[in-house]
Structures are given as structure tokens and as C-alpha cells.
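The task is simple: from the sequences and hints, build the whole structure.
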Amino acid sequence: MAQDVVQLHRELVVQVPQIRRFALALSRSAADADDLVQATVERVLSRPVPEDVELGKWMVRICRNLWIDELRSRKVRTAAAPDLAEAESQASSAEATAIGRMQMQRAQAGIANLPVEQREVLALVAIGGMAYREAAELLAVPIGTVMSRLARARASLAAYLEAPA
Amino acid sequence: MSRTWSDEQLSAMLDGELPEQEARALRLDLSIDADLTARLDRLRVANEAFVASATVMDNRPMPPELARLLAGPSGTNNVVPFRRRIGAAIVEHRAIAASLLCVAALGGLVSLRTPSQTPAAGDDTQLIASASPLGRVLDTGISAVPVSLPSSVTATPRLSFQRADGRFCRQYRLNEPGQTTDGIACRDPDGWRTELLVFGPAAPATTDYQSASGPAPDLLGTYVDQQMKGAPLNAADETKAIANRWRNK
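Chains A and B are the protein sequences, given in the same order. Going by my numbering, 87 is the number at position 87 of the first sequence; the sequence numbering is gapless. Going by my numbering, 10 is the number at position 10 of the second sequence; the sequence numbering is gapless.
Be careful, since some hints might not be right.
Stated by the list, open to error - Keeping only pairs whose Cα atoms sit at most 25 Å apart, straight-line, the calculated DMTMM-like set for lysine to aspartate or glutamate is:
1. B:Lys229 - A:Glu51
2. A:Lys57 - B:Asp165
3. A:Lys57 - B:Glu8
Said to hold, decoys possible - Heads up, incomplete: computed chain A residues facing chain B, CB under 7 Å, no partners named:
4. Val13
5. Ala25
6. Tyr132
7. Leu150
Derived from the structure by calculation, the hints contain no laboratory data. Just so it is clear, the structure is predicted and the values come from calculations on it, not from any experiment. Every residue, glycine too, gets a C-beta built ideally from N, C-alpha and C.
So, in C-alpha cells, the structure goes:
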């Protein structure tokens, strides 16, 4: 049993970077993202993990549900943007150069303007690694809805990236 | 003349979710329709921007409370923050990788998510281009033999192994002035993909967080323990894998 706990902690260490990205994509706030990740890890450690699930996707699912709870309990979204800007400023200047500072700013603006439903499904699929079927099940929507939200999110974001300076 | 494809279908193509028959038809149309290819590429770039925007978390130190949680009851997991202060060498590779992905997309063959994707491995920003200095070291370098790279960086492959899914992986170390970066990258058909990066070990005066149990991070060892099938490659097997360009067949 003790070995299982140690093993679980080791697996958590491997998963956490990805979950932190996912949480940021959802919450748009680095501080909120880390709060979400901490709550997610606490939840995983406090209850048995089903044997037939992938830990990473299980954590994505928990994290998303915690975020929904959080959204309902307080207006996270309104306070999110400044914090994200702060987090972004911590990225290395070399990385910013590589991606293109201007392009990154456009992307941030585009992401900030995505409807929550579109951003959520894009985070689940593009960062959380969920299959359409899994995302549809989690969101309780048809797969067609997942497809249309993804396409609209990407098209909308593309329009921001292409906007004249 | 190609048929009409919706953004939903193009988006599903990027995610590897288009039914095979449709995907085949779309690939065919992409090979003859530049406008269609541009539409697919446009969505792909937007997706990459979304994924890249979330990587700012990699530069943010892990909160001590979270690190303590991850350290476990016995404190055996030494936790260090995952940070991307990897220096010009890898950033340069990323830029090259991005341009290579564009080329792949123009061929209509790009898929952002594959059936074998693991949660930690699917991010295309983690692709190390084969033509980059680090990509070449991973392709052809012998374990324990350091190779000098630009910007005063030395890269040393340290261990080669095979995962249960057949992919070859290499643990490597980058030494640059004032910093050491350990990484694990696994070989995909399109190049080496970063699975894990650990920066440090942290100097005592740094603000980087480490658990109280000790300074030596063992995240790489944990990854190797979990993912490695059998024993690490010996010198002969590694030479053979290099000669076979790290193809698992």
C-alpha cells in the first residue's frame, strides 16, 4: 500500500506540468491555475483513483470540474486577465522572440475573447489530450457540438492572429 | 476539383478524429488544393498558439504547497519546478521546428494528436527539429560523449532506452554557463519530442523551490523507471539504433 502511494506521487509529478498548462488555459490566471492544480492533486490523493483510467485524463477531468465549481462560486474570469499578463511576462525573452511577441499578444487577445465553452473544449482536446468522445461525455454535449466549438474556436483565434498590426 | 470541406472536418483532421475514409479523401484534396491546405494550416497555427500560450506556466515556479503535496508522505520525491529557461539552443530548435511543421502541414499530413499521444507528450511545441543542433546530437550522438553546440552549450546524451510502446528515448544533459538542464526526448517519426525537462540542480541561494528532503531531483529517474521497457541500450544496441535512425523496426 505504501508503495502504491509512493508510485502515485511519482506519477503525479510527471502529470503536473501538463495539468498546470491545462488549468491556465481554462482559468486564464496563473495563480488560479496553481490553486486549481493543488486542489486537483489533493482530490486525487484523497480518493481512490479508478483502476481503468489514465491518471492524466483523470486529473484533467477533476481539474475541469473544480474550475466549473469555482466559476460558480466566484467570478474568477473578471480578475483573470491581469494575472495572465503577469505570468506571460515571466516567459523568457528568447521564447517570446521565437514565437513572436506580437503574435503572442494577438493570441492572448484572441484566447481572452473566446467564449468560455469554446476555450474549455479547446483546452480539453488540445492540451488535456482528450478524444472528442471523452470531451463530449465530460461536457454532456453531442460530439458534433465538440467539433463545432473546436472549429469556431480555432477559426476565431486564427482571425486574431491574422489581424493587421 | 476537390469537394467542400468544413472547418469542423479540417479541425477534426488536425486532432486525428476524422474517420479514416474521410481523412484519406481530405489528404488527397490537400495534395491538389492550395487553398484548402492554407485553411488547414490556418487552424493548425491557431491551435499551436493556444497550446503555446499555456506553456507560460512552465516558467512559473511551482508553489511550495503544491511541491510539498507532490513530494509525498515519505518525502522521497524531490520536486523542482519545471522551468523553460533552457537558453538559446532549444528555443532556436523550436523556431526551426515550427517552420518544419508548416512544411508538413502544406503536405496535408499534419495531425496534432496521434493515437499514441500521452498527456505529457502531445504538445507540438516540444518537437525538436532533426536539423537543429540538439536534434543532430540526439540522432547521432553516443552516450557519455559530450558535443559542443552554439552559445557555449554542451550536449551529452546520457542514456538510451526503449519505451513499452516501442519508441526510443534518450536522456541528455545540456551544460551552459551557470545552468544545467536534464531532459528526456523520445523519437517520433517527425523528430525528437521533449518529454521532460529538469533545470538545476538549484544553487543554495536561488529562489527555486526544492522539497526539504534533499537537493537531488529524481524526476528523470522516475520517468525512466516508469517508461523504460527492459534495460537501457548497451553500446552495441545504441550504435545499431543510431544506424537505423531510431526506427523501432
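Hints, verified against the model:
no.: 1; hint: B:Lys229 - A:Glu51; verdict: 21 Å, holds
no.: 2; hint: A:Lys57 - B:Asp165; verdict: 19 Å, holds
no.: 3; hint: A:Lys57 - B:Glu8; verdict: 24 Å, holds
no.: 4; hint: Val13; verdict: 5 Å, holds
no.: 5; hint: Ala25; verdict: 4 Å, holds
no.: 6; hint: Tyr132; verdict: 5 Å, holds
no.: 7; hint: Leu150; verdict: 5 Å, holds
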